[in-house]
Amino acid sequence: MTDGETHTDDQEKPAHAQPPPSVPWSFTPGTDDLELALDSFTTEWNALVARGRAWRNVRRQFHSALAVSSETPGPQETDRLAGALAELGMLRPAEAMPLAGTRPSRPAAAAPDHSAVQPLRGGVRLSVPGARLVTTGAVTATAEAIGHTIAARGIGCVFGRPGMGKTVAAHHALDLLPSQTPTWRAVVAVRPDPPQLRACLLEACGLPATLAHSAQAADRALKETLRQPGVLFLDDAQRLPPPLLDYLRLLWDEPSTAAALVLCGAAAEQALDNAPAMRSRVLTWHQTAGLQPDRLTETLTEFHDVWADAEPADIAWADSAVARGNFRTWAKITSHLYALVRRSPRPQMDRPMLEQACARLRTYP
Numbered sequence: 412m413t414d415g416e417t418h419t420d421d422q423e424k425p426a427h428a429q430p431p432p433s434v435p436w437s438f439t440p441g442t443d444d445l446e447l448a449l450d451s452f453t454t455e456w457n458a459l460v461a462r463g464r465a466w467r468n469v470r471r472q473f474h475s476a477l478a479v480s481s482e483t484p485g486p487q488e489t490d491r492l493a494g495a496l497a498e499l500g501m502l503r504p505a506e507a508m509p510l511a512g513t514r515p516s517r518p519a520a521a522a523p524d525h526s527a528v529q530p531l532r533g534g535v536r537l538s539v540p541g542a543r544l545v546t547t548g549a550v551t552a553t554a555e556a557i558g559h560t561i562a563a564r565g566i567g568c569v570f571g572r573p574g575m576g577k578t579v580a581a582h583h584a585l586d587l588l589p590s591q592t593p594t595w596r597a598v599v600a601v602r603p604d605p606p607q608l609r610a611c612l613l614e615a616c617g618l619p620a621t622l623a624h625s626a627q628a629a630d631r632a633l634k635e636t637l638r639q640p641g642v643l644f645l646d647d648a649q650r651l652p653p654p655l656l657d658y659l660r661l662l663w664d665e666p667s668t669a670a671a672l673v674l675c676g677a678a679a680e681q682a683l684d685n686a687p688a689m690r691s692r693v694l695t696w697h698q699t700a701g702l703q704p705d706r707l708t709e710t711l712t713e714f715h716d717v718w719a720d721a722e723p724a725d726i727a728w729a730d731s732a733v734a735r736g737n738f739r740t741w742a743k744i745t746s747h748l749y750a751l752v753r754r755s756p757r758p759q760m761d762r763p764m765l766e767q768a769c770a771r772l773r774t775y776p
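The sequence shown maps to residues 412 to 776 in the working numbering.
It is possible that some hints are incorrect.
Stated by the list, open to error - Here are the in silico distance ranges between beta carbons for each label pair:
(1) 600 <-> 454: 36 to 42 Å
(2) 698 <-> 639: 50 to 56 Å
(3) 620 <-> 773: 36 to 42 Å
(4) 678 <-> 596: 18 to 24 Å
(5) 638 <-> 596: 16 to 22 Å
(6) 666 <-> 625: 34 to 40 Å
(7) 591 <-> 624: 29 to 35 Å
(8) 759 <-> 694: 22 to 28 Å
(9) 600 <-> 661: 19 to 25 Å
(10) 704 <-> 626: 48 to 54 Å
(11) 457 <-> 620: 34 to 40 Å
FYI, nobody ran anything at the bench for these hints, they're computed from the structure.
Virtual Cβ for every residue (Gly too), placed ideally from N, Cα, C.
Let the sequences and hints guide you as you build the complete structure.
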């Protein structure tokens, strides 16, 4: 081969030709930080999948066991409900609120025990001994809305007219959470300022109140606590002015925040309307409705034994004249009616007693 031929062959070679790689390029984490990040992502993903499965099971149990049916549950069904909740780890028997489960009977004739103080049930004090929590459709709907908000680690707003049972339903939903789920509950003070709100949140989260003296220290402690996949419940959230709602928004805008936030109040939705940035981040809006008129008799008989012999026509009259579907008003009527029955020689209520109980209340427009 001559020099000329060699030169010609060199000119015919492609100018930009490159040999193909012998092995494909592969990614291999080379640092501890990348390995830790991958492990953290895997852990978070597995936890999210597990929580999704758990909440699907919770919803099935809730619909099958807690929803109020057209038939009054018997003792066997009540035992099945308690067993299902205990198996799910969603109910601590010693701390459980009494549920309406059996057909009510007449009030006992024995004298009441005045030495015992009525415990708090669902965040509010029931104004009559022997009252039970009734899982009405409104309670079930509120629990489902809060449950979805917690599972999605979002922000929820529960609102409605005063006395509709928002707080009772919300606390009942929180009591149904698995025991390992952190739950922080607080009531917003009247006209709070930033230091007061920080102190309120610190107390709810079980953190030292002295941290409220330093805004930076308090914020760091709150952000660290909110890294847990729990839920912060703020009642009377309508008292929060726009600057404090924006403060909560900044806490939940942190990438590390894994907790859910539930705001509850009679006009909480109006307060959020004044804070557009926070309002746009609300995942769930739920309005608590009043008692259903067609199920009012059933609900009241499950709420307290004093209504066991009440006539549906008398209950309908009291609802249209005084209560108007407001559960808090019905609790007041029950309190007065219970006292009248206890003092009466007759062991059951009648229309004159009901009228006398309603006369002790002030009607609202």
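Verdict for residue 704, residue 626 (Cβ pair) under range 48 to 54 Å: holds, 51 Å
Distance restraint evaluation - residue 666, residue 625, Cβ atoms, bounds 34 to 40 Å: violated, 23 Å
Range hint compliance [Cβ, residue 591 to residue 624, 29 to 35 Å]: Distance hint for residue 591, residue 624 holds at roughly 32 Å.
Range agreement (Cβ of residue 454 with Cβ of residue 600, hint 36 to 42 Å): holds, 38 Å
Residue 638 paired with residue 596, Cβ distance criterion 16 to 22 Å: holds, 19 Å
Whether the CB-CB distance between residue 759 and residue 694 falls inside 22 to 28 Å: Since residue 759 and residue 694 have Cβ atoms about 48 Å apart, the given range 22 to 28 Å is violated.
Hint check for residue 661 and residue 600 - Cβ pair distance inside 19 to 25 Å: holds, 20 Å
Satisfaction of the hinted span 34 to 40 Å by the C-beta atoms belonging to residue 457 and residue 620: Roughly 36 Å apart at Cβ, these two residues keep to the hinted range, so it holds.
Residue 678 paired with residue 596, Cβ distance criterion 18 to 24 Å: For residue 596 against residue 678, whose Cβ atoms are near 20 Å apart, the range 18 to 24 Å holds.
Range hint 50 to 56 Å (beta carbons of residue 698 and residue 639) holds or violated: Because 29 Å falls outside the window, the suggested range is violated.
Residue 620 versus residue 773 beta-carbon gap, inside 36 to 42 Å or not: holds, 39 Å
The structure shown violates the earlier hints numbered 2, 6 and 8.
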